[in-house]
Amino acid sequence: MISIEELKAIREKMQPTLGLRDDTKQTRIVVGMATCGIAAGARPVLQALTEEVAKRQLKDVMVTQTGCIGLCRLEPIVEVYMGDEKTTYVKMTAEKAKQIVASHIVNHQVVTEYTIGANE
Amino acid sequence: MYRAHVLVCGGTGCSSSHSGEILEEMNRQIKEYGLENEVQTVRTGCFGLCALGPIMIVYPEGAFYSRVKVEDVKEIVEEHLLKGRVVTRLLYDETVDKDGGPIKALDSTNFYSKQVRVALRNCGVINPEQIDEYIARDGYQALAKVLTEMTPQEVIEVVKASGLRGRGGAGFPTGMKWQFTAAAKGDGKYVCCNADEGDPGAFMDRSVLEGDPHCVLEAMTIAGYAIGAHQGYIYVRAEYPIAVKRLQIAIEQSRAYGLLGDNILGTGFAFDIELRLGAGAFVCGEETALMRSIEGKRGEPRPRPPFPANKGLFDKPTLLNNVETYANIAQIILRGADWFAGMGTEKSKGTKVFALGGKITNTGLVEIPMGTTLREIVEDIGGGVPNGKKFKAVQTGGPSGGCIPAEYMDIPIDYESLAAIGSIVGSGGMIVMDEDTCMVDMAKFFLEFTCDESCGKCTPCRIGTRRLLEILDKIISGKGEMSDLDELEELAQHIKDTALCGLGQTAPNPVLATLKYFRDEYVAHIVEKRCPAGVCKALLHYEIDPAKCKGCTLCARNCPVGAITGKVREPHVIDPAKCIKCGLCMQNCKFGAVLKK
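For the record, the sequence lines run as chains V and C.
Each residue of the first sequence is one higher than the one before, counting from 1 in the numbering used here.
Each residue of the second sequence is one higher than the one before, counting from 121 in the numbering used here.
It should be emphasised that the hints constitute simulated quantities derived from the structure, not laboratory data.
A portion of the hints provided could be inaccurate.
As the list claims (entries may be wrong) - What follows is a list of derived Cβ distance ranges for each label pair:
(1) 117/V - 147/C: 38 to 48 Å
(2) 120/V - 208/C: 25 to 35 Å
(3) 365/C - 81/V: 38 to 48 Å
(4) 227/C - 102/V: 23 to 33 Å
(5) 138/C - 8/V: 35 to 45 Å
(6) 456/C - 73/V: 56 to 66 Å
(7) 56/V - 415/C: 48 to 58 Å
(8) 383/C - 102/V: 37 to 47 Å
Claimed, not checked - In silico BS3-like pairs for lysine-lysine, Cα to Cα no more than 25 Å straight-line:
(9) 265/C - 8/V
(10) 594/C - 717/C
(11) 203/C - 224/C
(12) 224/C - 86/V
What the hints assert, rightly or not - Some chain V residues well away from chain C (every beta-carbon gap over 10 Å; in silico):
(13) 59
(14) 70
(15) 72
(16) 88
(17) 110
These figures come from a predicted structure and were not determined experimentally.
Cβ coordinates follow ideal geometry from the N, Cα and C atoms, glycine included.
If we strip away everything but chain V, and leave its shape as in the complex, we get (with noise of 0.2 Å):
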């Protein structure tokens, strides 16, 4: 027999999972994920970032997947559009992704240093 506070408990638990099934959301992640995306490592990068956001339990955050960006050079590459905004961040890897959770999705802080702005 469970109690009321279990029973909250699994709510808890389970919030991430269904909380993926909702398709309004409202800022998308974007990772490149195309033969040159998963060849330098993009797999990880989309592990974390699926684990992050589900961690943090942030509502309207969608993590999804795309072809090739383009520019395989810089691969792996995550693409962040929240509002009317697009911010490109290249050569990403697991640990630089959560920083973007915390500092971009979380705090609205661009991670400037990570973009493609300042990696040509």
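Knowing the structure of chain V, use the given hints to seat chain C on it.
Same frame as chain V, now just chain C:
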């Protein structure tokens, strides 16, 4: 942590179109590509857009794949799950952004944008066989609130204030029914759920049971607390095997968590639920017949009073509500009576689930606020009548209902408005008809059904429906007389006034409604011996247009009864006495010379 979820519809409709095999193939391909730790597959309940099944939705993008075949699965895994390239050709057309942008949200499509999913909120979102997923969507929070923060009377007040009315068809105020049963004196009360859904064309309750069985269990437990009962029965028709299985699993999982049984959530309240299976009798959807059936007797209704609230199952006070009625309870408790009463019309609050069928593009299940107009349902949500045909009428309420003709397209759908024009909201079945539907034939279809399903206990129904049917048969076979119409009306009214239960009392409704709005079709059948819609076989005849006939003899050679004569290169003639109206000549003729009149 899964980065993608693949939801495959496991409702009856999609299951019979092999969605089970699609799910198996999906699991196989995901393993093949090594994605088992990244992609989760879920078998969910009905999404509602049954016309486009089998349906698969992939999150987080919300890609709504429709008419999926087993052969498509490999492509979806390779392109979408692995490479992130959505398979556009399989997407539901309305979600595709023609300018190449991201997939449009389902909520923006015509089918979904006007829907407000309350009873169906979890259908198509959760795995109904996983109680944890129900809990994640606030499941059993309402029960917790009720057991710890509210008295039984407070619960009843909330239900009363919400304005919820019985969704099984009668529309009786639910709060009042709970109040009566709570006030009844008796040791040992029962809570029952009517899951017998017998109306042809109705599958609202089926989808709730298959897609979200826990919402019914939770609501019944809340009802038990409110009226002072500790045992519940769900009477579910055996023709819904998937629903039965999902209910059994849900009850077991609920019991395992102690959400059913003794000492629920540690509050000391005890409540348990058992299933009872129906055996195919429509009359057992009638409340008193249903209770007799649970008692192990032949399902037959009895006079009321006494009402089940005072004397029902095993002669104890019993609360019986429909599946959809229960499906609204948890949300009303959590979000408040005012939230529910804020939707709908003055006397018909909340939302209603409708099963759209017949001559409509988007056949399926929709849940809309009461008061939505018929035009919005047929043209916006339903996508209109296909093949360029003209809308003729909508039949609501199944065999108990009337019809709504085109002149009332702007009528709001609620209990009062429909009653005012001689129709009913009923349980939610809504069958759309076009110019090719014969209204006399339609009335006969429903009357055949009720005549067959009559339990036989009372004379007006047992004999009356049969006499009505005989008169309709007479009219349809071309032997009708104008006096038959008066007899139909008189007999129909007698049956309505004297039958023992709702089956008999409402069986004449399709006849009366079609006589009221489509009397001209009846008259054509009788006086002109003609079926305007071209449906009633006995009144059809096939003839050859001599202007178009080239005398090729193809029809004559293929006629199974040798009814066509004619010389080569001369116009042929069909002998109506021999013609069996099989239509083969019309199919074979390459010159369009065979006409059906």
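Check each numbered hint against the structure and report the violated ones by number, ascending. Checked against the structure, no hint fails, so every one of them is satisfied.
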